[in-house]
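There are 2 protein chains.
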Amino acid sequence: MSDAPSTPPDNDATDGLLRFFHLAGRLKETPRAGWALRGVASPESVAEHSHRVALLALVLAPRARPPLDVARCVALALVHDLAEALVGDITPYDGVSADEKHRREDDAMREMAALAGDESLLAAWREYDAAASAEARFVKELDKLETVLQAAEYERRGDAAPGALDEFWDSAGARLTLAGTRALLDALRRERADG
Amino acid sequence: MSDAPSTPPDNDATDGLLRFFHLAGRLKETPRAGWALRGVASPESVAEHSHRVALLALVLAPRARPPLDVARCVALALVHDLAEALVGDITPYDGVSADEKHRREDDAMREMAALAGDESLLAAWREYDAAASAEARFVKELDKLETVLQAAEYERRGDAAPGALDEFWDSAGARLTLAGTRALLDALRRERADG
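One line per chain: the protein sequences are A and B, in this order. Take the first sequence: its position 75, counted from the start at 1, is 76 in the working numbering, and no numbers get skipped. Take the second sequence: its position 171, counted from the start at 1, is 172 in the working numbering, and no numbers get skipped.
If you're looking for bench data, these hints aren't it; they were derived computationally from the structure. Be a bit skeptical, because a hint or two may be false.
Because identical chains share one entry, a pair is satisfied inside a single copy or across any pair of copies.
Said to hold, decoys possible - Derived lysine-lysine pairs resembling BS3-like cross-links, with alpha carbons at most 25 Å apart:
id: 1; residue 1: K29; residue 2: K141
id: 2; residue 1: K29; residue 2: K145
id: 3; residue 1: K102; residue 2: K141
All chains, please: the whole structure from these sequences, using the hints.
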């Protein structure tokens, strides 16, 4: 940017913001890695997953007891996978330790927040990543719930072999503890049992 | 649902909610029709578009002057194309009048809000559709801005023939009037001119 000294200072901030939104657009091209690993042919993108997690937050957070900050839940949902725009969707099968994954994602979020000129993006991602609030713990359940919703849809459409996605059901069963998310998981299981 | 009289009443509400989230998932499979019409081979989905519109709202709404209700902007962004889960992405080339498009989408949103047991979804969509608030008018600009961001990315990647997406640039040029969205459009244009 220093090679354009005649540019008003404001343009640097706008160019950074533009770069941030271009990077965010990469989530449209970033496949959710867990599906491909289990044989789903055309897996959804991280952006598609994130949109439904945010919708889950918008609709379910107002029903939570004790009450949650709904706007905060939605914001956490929108940014929870944003680091993947730079580092990709790292899975437990990639030979990357949890600490190293965290370090890479934290670096990515620092870079993206700096480009956007918005440190609140980094704070939101860190709050989610560390499960540091009731809102973050709620959205972590929504992330699991969205995943098992998608697993059910792939199974129904025949996009996954029978049993191939069982571990997502098991994971959701072990981790969904709140009344609202648990009721939806139970309904999904009834639907699956009924074929 | 009446064929399961032994089901506790609560299950009906949960089953409706589950059906709502399955319908919302169709946005992952709904291509943005404008791109395919102009020769883009693998166009993005409505869910992908909606995710970046919501991120634009989360980052840009706090900077707007006079101030906007940020949470409202994000909510409108998340639901602005939700009716397309039922009626698809109707374009001006589909031979459907604006009134008929509105009627179909309003019917779809009434159905989806009823399933979710959440009339605020219908109210949010109607507020956006009618541009009935400063927040709705802001998100309508973000919808255009996200579209031209995507147009620029398709052009850069060679996914569209030269000139094929010009009308999206023209449309954004005519309709983006707020300082924040206009500055980003100008930065996008500089980027395009520099190749």
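Going through the hints against the structure:
no., hint, result
1, K29 x K141, "both (21 Å within a copy, 21 Å between copies)"
2, K29 x K145, "both (20 Å within a copy, 18 Å between copies)"
3, K102 x K141, "within (17 Å within a copy, 37 Å between copies)"
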